[in-house]
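**Q** In the order they appear, the protein sequences are chains A and B.
For the first sequence, the working numbering assigns the number 1 to the initial residue and increments by one for each residue that follows.
For the second sequence, the working numbering assigns the number 1 to the initial residue and increments by one for each residue that follows.
Treat the hints as calculated values from the structure; they're not laboratory data.
Every residue, glycine too, gets a C-beta built ideally from N, C-alpha and C.
A hint or two may mislead.
[What the hints assert, rightly or not] The following label-pair restraints were derived from C-beta to C-beta distances: (1) B:R78 with A:K406: 44 to 52 Å; (2) B:D40 with A:I424: 49 to 57 Å; (3) B:G52 with A:V49: 52 to 60 Å; (4) B:R78 with A:I424: 34 to 42 Å; (5) B:E48 with A:V148: 55 to 63 Å; (6) A:P332 with B:G64: 32 to 40 Å; (7) A:E407 with B:W71: 55 to 63 Å; (8) A:E238 with B:S30: 36 to 44 Å; (9) B:I34 with A:E238: 38 to 46 Å.
[To be verified] Restricting the straight-line Cα-Cα distance to at most 25 Å, the calculated cross-link-like pairs of lysine-lysine (DSS-like) are: (10) B:K20 with A:K329; (11) A:K329 with A:K406; (12) B:K74 with A:K495; (13) A:K479 with B:K19; (14) A:K479 with B:K74; (15) A:K329 with B:K19; (16) B:K15 with A:K329.
[Unchecked claim] Here are a few chain A residues that sit away from chain B, every Cβ distance over 10 Å (derived from the structure): (17) G382; (18) F439; (19) F467.
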Amino acid sequence: MVDFNPGLIMVLGGLLVPLLSSSVRRVVLLALPIAGLTYVISLQVGTTVTADFMGYTLEVLRVDKLTLLWGYVFHIAAFLGVLYAIHEDDPVQAAMAQIYMGSAVAAVFAGDLITLFIFWELTAISSVFLIWASGTERSFHAGMRYLVVQIGSGVLLLAGAVIIFAETGSIHFGHIGVETFGGKLVLVAFGIKCAFPLLHNWLQDAYPEATVSGTVILSAFTTKLAVYALARGFAGTEFLIYIGATMTAFPIFFAVIENNLRRVLAYSLNNQLGFMVVGIGVGTELAINGAAGHAFAHIIYKALLFMTMGAVLMRTGTINGSDLGGLYKTMPWTTGFCIIGAASISSFPLMSGFVTKSMILTALGVEGYWFIWAILLFASAGVFHHSGIKIPYFAFFAHDSGMRPKEAPFNMRFSMGIAAFLCIAVGVYPAPLYAILPFDVDYIPYSPAHVITQLQLLMFSALAFTFLMLTGLYPPELKSTNLDTDWFYRRLAPKFFLSITTTIQRVNQRGRRILVGTFDTIIRLLDRYSSMQVVFIWINSASTMVFCALVLLCFFLILFLTSI
Amino acid sequence: MSKNSNDASHWLDDKRNVKKIVWALVIVCSGLLIAEGFYDKHPHFAIEYVYGFYAIYGFVMCVGLVLVAKWIRKILMRSEDYYDG
């Protein structure tokens with residue numbers, strides 16, 4: 001059998017989805033990720049498939065340990081997302097989700113920059129439907145902004161690929177580096193999708209506006225595809241360490257004051273990406289293993305957290321921390337799953353985040369980046385503070401909102417249950433995950449020092465939260481919008497353009513007035529010296545003209561006669 | 001979703017139980033500080049030799065985080081429909 005890109009299973013399958021009856025559709029939707037995962041498991045490391053296209057040799061399939069890791073976890077996330085949404089009856093959204101997830105997988109298995117570009121853009125176009133499916137005006141505008149940014153990332157990628165081809169004669173997607181201009185463009189393209197600082201805000205803007213299940217699916221693929229691409233093209237680029245460290249730290253301040261709990265999760269998603277980017281920047285085997293492993297763990301616990309908040313949104317109609325509270329009484333399963341997701345993202349020992357994130361921190365220690373290490377330690381405490389405590393606390397505990405919503409539907413709980421199980425399984429028994437990491441693992445997560453120091457960091461953070469709550473210093477959840485970089489294109493730019501157009505209008509009006517005034521003055525001047533007109537008026541009459549002509553004729557006649 | 005007056009009472013509804021959780025947290029924290037004396041340290045950075053470094057750092061940085069975030073709110077917070085108008 002000729003091997004092919006496994007992403008095509010979900011992309012092509014997704015195209016068929018709208019044609020199927022609702023019961024068949026549900027079976028197919030669940031079967032596609034399973035078929036994809038089965039196929040990925042059967043792929044051999046080292047397999048490549050090439051195809052000629054318009055004179056270029058495209059590497060449509062490349063299999064190595066890095067692609068396989070992403071292949072596994074993307075299919076797991078796809079299955080969880082589909083299962084979570086299986087009760088919904090929205091064939092367009094379901095089809096677009098499959099195409100989106102499939103194109104993310106296909107982009108990972110792409111071995112050249114053109115194939116990567118094609119599926120890079122396909123993820124952008126298909127995923128926007130998960131935002132638009134909310135059907136609100138707000139989601140429509142957020143989707144448009146999201147689409148512009150995502151397509152823009154693709155355009156930069158293509159421009160970079162063209163320049164790289166012109167310089168090297170190859171479109172192979174290997175290590176790129178930032179030395180060339182083409183490489184810099186590609187880095188910015190990846191950086192946009194990876195939500196680098198100042199390029200990040202599409203994430204917090206768009207994800208909270210997507211549907212209940214849409215956000216769960218979105219959270220897994222776009223940004224982690226970018227992490228994969230960075231690991232492939234820019235491993236060991238020191239500049240990324242500082243970018244990543246900034247990403248871990250600044251979103252947590254926003255997360256503390258944000259009221260929309262799905263937006264809080266979007267900020268902590270940004271913060272977790274920072275850990276991976278730092279790992280990629282350090283670039284040692286331990287650091288890359290840490291980044292890749294953390295991407296695996298993160299995809300699952302982040303999806304789990306978004307699933308629990310999706311369930312809350314679906315059952316109560318709101319996701320604002322200021323409106324929620326006390327839901328544990330009627331949604332105990334969702335509460336429990338949320339706490340497991342929160343413990344994982346906080347890297348509690350025996351949870352998935354602990355066995356992966358600690359590799360990145362250890363890699364920083366080995367390489368001696370003390371300042372970056374201190375920032376990441378602060379960010380670790382911070383993420384526990386806002387994701388680990390704030391999310392479950394304000395949604396399920398805090399003050400009783402009086403709401404007594406029903407527990408989430410069975411399929412949602414089932415999906416959350418699998419994700420929660422995986423969070424614990426990876427944390428308790430990390431060996432299978434370590435076995436599929438890109439490099440051989442020589443790392444022991446469960447040393448007494450690791451466990452005790454991590455627990456000290458977390459429990460004293462919890463103590464700080466308790467202290468701030470009891471003293472009333474903790475800022476209350478308030479209905480609000482917090483300004484972020486989207487202010488520049490949602491407020492400043494429109495205002496700027498508005499002022500330009502009003503200026504043009506004013507100049508135009510004044511110019512016309514001056515011009516009209518000038519003509520007016522000229523006419524008035526002419527009028528004043530109208531005595532001059534007498535000459536012209538005198539000449540103007542027909543008889544005078546005839547008289548003049550006769551005089552001239554006589555004059556020439558006399559001249560003629562005298563000259564003979 | 002309506003408020004049910006016949007709610008079964010929950011363990012957490014009792015303020016005394018919330019207090020118990022706070023005390024449990026304090027005891028766990030104290031235990032973790034004591035535990036630090038019972039294993040060999042192999043740190044990468046000198047500051048990790050400071051007894052209770054992770055505990056102090058976690059507490060101080062979290063309080064700092066929240067206080068700074070509160071201050072940021074003064075600059076960045078707008079009404080909920082800020083962009084809708």
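**Q** Does the Cβ-Cβ separation between D40 (chain B) and I424 (chain A) fall within 49 to 57 Å?
**A** Roughly 29 Å apart at Cβ, these two residues miss the hinted range, so it is violated.
**Q** Would you say the C-beta atoms of R78 (chain B) and K406 (chain A) sit inside 44 to 52 Å of each other?
**A** violated (34 Å)
**Q** Tell me if the beta carbons of R78 (chain B) and I424 (chain A) are separated by a distance inside 34 to 42 Å.
**A** Since R78 (chain B) and I424 (chain A) have Cβ atoms about 40 Å apart, the given range 34 to 42 Å holds.
**Q** Checking one constraint from the list: CA of K479 (chain A) to CA of K19 (chain B), max 25 Å. Satisfied?
**A** Judged against 25 Å, a Cα distance of about 29 Å means the pair is violated.
**Q** For the range 55 to 63 Å, tell me whether the beta carbons of E48 (chain B) and V148 (chain A) fit it or not.
**A** violated (46 Å)
**Q** Does the Cβ distance between I34 (chain B) and E238 (chain A) fall inside 38 to 46 Å?
**A** At 40 Å between Cβs, range holds.
**Q** Is the nearest CB of chain B more than 10 Å from the CB of F467 (chain A)?
**A** F467 (chain A) not clear of chain B: closest Cβ-Cβ about 7 Å, inside 10 Å.
**Q** Given the hinted pair K15 (chain B) and K329 (chain A), is their alpha-carbon gap at most 25 Å?
**A** Measuring from Cα to Cα gives roughly 16 Å; hence the hint holds.
**Q** When you look at the beta carbon of G382 (chain A), is every beta carbon of chain B farther off than 10 Å?
**A** violated (5 Å)
**Q** Can you let me know if the beta-carbon spacing of E238 (chain A) and S30 (chain B) is within 36 to 44 Å?
**A** For S30 (chain B) against E238 (chain A), whose Cβ atoms are near 41 Å apart, the range 36 to 44 Å holds.
**Q** For E407 (chain A) and W71 (chain B), compare the CB-CB distance with the range 55 to 63 Å and indicate the outcome.
**A** violated (39 Å)
**Q** Grab the minimum beta-carbon distance between F439 (chain A) and chain B and tell me whether it stays above 10 Å.
**A** holds (20 Å)
Hints 1, 2, 5, 7, 13, 17 and 19, counting from the list given before, are not met by this structure.
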